[in-house]
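These protein sequence lines are chains A and B, in that order.
Residue numbers for the first sequence follow the numbering used here, beginning at 1 and rising by one.
Residue numbers for the second sequence follow the numbering used here, beginning at 256 and rising by one.
In case anyone wonders, no lab produced these hints; they're calculated from the structure.
Certain hints may be false.
[To be verified] Stretch-level coverage of chain B by chain A, calculated; a stretch enters the list once three of its residues show a Cβ under 8 angstroms from a Cβ in chain A:
1. 291 to 302
2. 373 to 385
3. 401 to 415
4. 453 to 467
5. 527 to 539
6. 828 to 836
[Stated by the list, open to error] Simulated pairs of lysine to aspartate or glutamate, EDC-like, Cα-Cα distance not exceeding 20 angstroms:
7. A:Lys126 x B:Glu411
8. B:Lys522 x B:Glu558
9. B:Lys590 x A:Glu150
10. B:Lys603 x A:Asp94
11. B:Lys601 x A:Glu230
12. A:Lys126 x B:Glu279
13. B:Lys804 x B:Asp844
14. A:Lys229 x B:Asp586
15. A:Lys127 x B:Glu402
16. A:Lys127 x A:Asp243
17. B:Lys406 x A:Asp135
18. A:Lys229 x A:Glu150
19. B:Lys743 x B:Asp821
20. B:Lys601 x A:Asp94
21. B:Lys753 x A:Glu50
22. A:Lys229 x B:Glu597
23. B:Lys702 x B:Asp758
24. A:Lys201 x A:Asp243
Virtual Cβ for every residue (Gly too), placed ideally from N, Cα, C.
Letter by letter, the chains look like this.
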Amino acid sequence: MESSQSAGNRTVQVRVMRQENPNSTPRWELFEVPYRPNMNVHMCLLEIQERPTTIEGSQTTPPCWEVNCLEEVCGSCTMVINGRVRQACSALVDTLSQPITIEPMSKFPVVRDLVVDRSRMFEELKKVKAWVPLDGTHALGNGPRYSQEEQSTAYVLSRCMTCGCCVEACPQYGPGSAFIGPAAINQVRRFNLHPTGALNKGERIETVMGPGGITDCGNAQVCASVCPKEIPLLESIAAVARDATVHSIRRWFGK
Amino acid sequence: MAQPRVIVVGGGLAGLMATIKLAEAGAQVDLLSIVPVKRSHSVCAQGGINGAVNTKGEGDSPELHFYDTVKGGDFLAHQPPVRDMTREAPNIIYMFDRMGVPFSRTPEGLIDFRRFGGTLHHRTAHAGATTGQQLLYALDEQVRRFEADGKVTKFEGWESFDPVLDATGRCVGVVAMDIRSMEIRAFLGDAVVFATGGLGAIFGFGTNSVVNTGSAIAGCYQAGAHYGNPEFIQIHPTAISGGDKLRLMSESVRGEGGRVWVPKNPKDNRSPASIPETERWYFLEEKYPLYGNLVPRDIASREIHHVVYNLGHRVEGEEAVYLDLTHRDPDYLTKKLGGVLEIYEKFKGQDPRRVPMKVAPAVHYSMGGLWVDYKQMTNIPGLFAAGECEFQYHGANRLGANALVACVYGGIVSGVTSFEWAANHAKKAPASTVADSALSRFRERTKAISARGGAENLYAIRRDLGALMVRNVTIVRENSELVKTQQKLVDLAARTRKAPLPDQGPWANQGLVHALEIENMIDLARAITAGALARDESRGAHYKPAFEKRDDAKWLCTTKAIFTPDGPKLDFTEKIDISLLPLAERRYDVVPAHAPKPSIGTASGSAGAAH
Ligand SMILES: Cc1cc2nc3c(=O)[nH]c(=O)nc-3n(C[C@H](O)[C@H](O)[C@H](O)COP(=O)(O)OP(=O)(O)OC[C@H]3O[C@@H](n4cnc5c(N)ncnc54)[C@H](O)[C@@H]3O)c2cc1C
Ligand code: SF4
Ligand code: SF4
Ligand code: FES
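Throw the hints in and build the complete structure from the sequences for me.
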């Protein structure tokens, strides 16, 4: 239980993209904040929040951003830092060149400053039926047995925190496109691999077969390289694409 | 019968579980949450969830889980609901398994269990070391299904402040604010379930997530809900240092063999690798040969505090101890603890598979919370509570991996009971005017805050609050300091009234939200401090050197804090229901004679008394 202490007179320069509301024009503001050991971008924003004065000395409002877990597991604090989409809580100042630039994600409507509206991603999870359709939560005995290997595969896929890094990087995803994006496609694979989820495999596959579905992926492959949870998105896309092909052939033959 | 409408505030494990039970029963649910529910604090839970399934053939049983929980809580929990929870725990784990949670498996494909603190059995189901995330996602998925079917409406980005009470004092809704548009409105229904989680932010930073301010609990408390056992705050023994959060190194690290030690010589500054085995002090293993590093958290934290602050041991000059896994196979560690070890690597830049971690105690969990009856209803009719925001299952100290099961169990019970209540008390439609006075009170409050002038800084006040509480109301408590803390809290409240808003904007004004929260946090801090001051004994996480012993003659009772504008009033008339297990001394060095026996075999594997 310690309090943060500053280390000498070192400072950090931070350039923050400011935007008052969804309709106002964005602008940059430059700040200088005291450096602290183990500092992350979230802590830079905290410093600005408490003393919202730009480097030129003009008084401004505290920047708005979303944050919760502070250990890169909730996905809240995703933003574009030095041109790369990532989480502010795990972006350590020591590893960043300065001035550190901070912008909101570009694929979602800006609410204010660094806060964007990612509700579209949750809608996409709805669209692909990313769940096991349970009969009910009352006691119905054990779940299905499966092996340690199957668990390892499923576990990796199920760590997606809907942070949006992958869709931010994907050239096919965005305001003008219906593409559901790699995160949702990965969920299709995850639930189709589960022994009970697989009972509705066809239904789930069909959700990604129309417009905005799997065929909209241009195979640009940048999604996987920015995923903080290292989810094998390309594998998932390939697997779902294969299943979609098989499914449509089956459908063709009326099976 | 009209379809009951129930408001659920909070979408962590408890709130989502309640929502599912309500939707299954046929209620229409409005689910409010500050953060998108998938980003709730429950995602942070690492180690696992308890349920006595006895996969390892140790003779584990719900009875033993019950006993361990009551003893772990130093006999301050009412026993019947704890028994019911431990009986239901295996079913809860199976339910999650059916939902598709990728629990770690045994070679036979069954759910694997590991050890945790305060028990001698492998009782903790886990999904790698991100169990809370996986459980939360499972419930989130199920709720999304109900949402797609139109049975649940989510209001994410809405923060609830005050409950709405009708003329008879019954709760029929909440006043909430959209933290983007700043719209204020009432959500009305036939019952309300609060599942707003913990209050760690009152202590500045610890292991908790940022939105865990306890502000929603404070709103209920101000409206007359009793606040149970406020003084019982859990300090986790093993967290890493940091300037924004003290990130947890889960108890599962010790469950998987992690050992706590310091150099024997307090002045020894060598790197851990160059300190020979004979010059290391494994103080927990030495003092508690039976439970070793897996003694309950209150005990481990006190011992670490003693070793570091009273005896002056340091690790490489730091006020911390080593948590050492380097003797374990790195691949095994990655498999079992990957999620936790990643956090250490990411934030400390060292690989705990090769270098011992440096850890220290941090504020972690609140055993106290809204007082509820066995049906999860507070003393305000129609107002239910579940999860970390209520006080019911952990007594004076919570055992590791018991929070998740209590959240889910409380969610189940409150879902069922609030549905019953709502169905029995449903009005045709609550009069729309019922919320008028609550709404205008709240609007007045926000106006007053916006009009404030002065030289104080909201964020500085928040920091000072955290520092004050950490210094005086955590591991070691002294009455003289607590008295001073009470006054300082009153002063802090006065300072908030001289803190102008840093932003007067009408849109996504986070400063206004902070201002509302900080006042509420101070009210809870006053209750926590008052409870700590009054309780002149040591029990579980509440430790006073001036009153070293547990005092059952005087203090086997719930602390109930009742809000008054002049500060909390305390009530101690509720005796603890100990009808199921006799009081006993709480020992972890040997098996006490009164302890129930495992049914077949013992923890060490030799045949025990079968019955
Ligand atoms: C780092 C860490 C690790 C842990 N590991 C474990 C573990 O391994 N095993 C275990 O058993 N326990 C563990 N715990 C404890 C456990 O995670 C928590 O007690 C539990 O997740 C709390 O769940 P909850 O549903 O009560 O609340 P939360 O998950 O905190 O959810 C609260 C919800 O309420 C909402 N909310 C809050 N206030 C308002 C408001 N005013 N208006 C509207 N919505 C509001 C939030 O948005 C959120 O949706 C851990 C805790 C921490 C800090
Ligand atoms: S492979 Fe490319 S186009 Fe396809 S989802 Fe990934 S980034 Fe987008
Ligand atoms: S797949 Fe990875 S990058 Fe995409 S939302 Fe999930 S966690 Fe984020
Ligand atoms: S705050 Fe949760 S990912 Fe950064």
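Structure-based check of all given hints:
1. 291 to 302: It holds: at least three residues are needed, and the region 291 to 302 of chain B offers 7 whose Cβ sits within less than 8 angstroms of chain A.
2. 373 to 385: holds (count 3)
3. 401 to 415: holds (count 3)
4. 453 to 467: holds (count 5)
5. 527 to 539: It is violated, with 0 qualifying residues against the three required.
6. 828 to 836: violated (count 0)
7. A:Lys126 x B:Glu411: Answer holds: Lys126 of chain A to Glu411 of chain B is near 16 angstroms, not above 20 angstroms.
8. B:Lys522 x B:Glu558: Given pair Lys522 of chain B, Glu558 of chain B holds - Cα atoms ~19 angstroms apart, limit 20 angstroms.
9. B:Lys590 x A:Glu150: holds (13 angstroms)
10. B:Lys603 x A:Asp94: Given pair Lys603 of chain B, Asp94 of chain A holds - Cα atoms ~12 angstroms apart, limit 20 angstroms.
11. B:Lys601 x A:Glu230: holds (14 angstroms)
12. A:Lys126 x B:Glu279: At roughly 18 angstroms apart (the allowed maximum being 20 angstroms), Glu279 of chain B and Lys126 of chain A satisfy the hint.
13. B:Lys804 x B:Asp844: holds (17 angstroms)
14. A:Lys229 x B:Asp586: Holds, at about 18 angstroms.
15. A:Lys127 x B:Glu402: holds (12 angstroms)
16. A:Lys127 x A:Asp243: holds (18 angstroms)
17. B:Lys406 x A:Asp135: holds (16 angstroms)
18. A:Lys229 x A:Glu150: holds (18 angstroms)
19. B:Lys743 x B:Asp821: holds (14 angstroms)
20. B:Lys601 x A:Asp94: This hinted pair holds, its Cα atoms lying about 12 angstroms apart.
21. B:Lys753 x A:Glu50: holds (15 angstroms)
22. A:Lys229 x B:Glu597: Roughly 10 angstroms separates the two Cα atoms, so the pair holds.
23. B:Lys702 x B:Asp758: holds (13 angstroms)
24. A:Lys201 x A:Asp243: holds (9 angstroms)
The structure is inconsistent with the numbered hints 5 and 6, although it conforms to all the rest.
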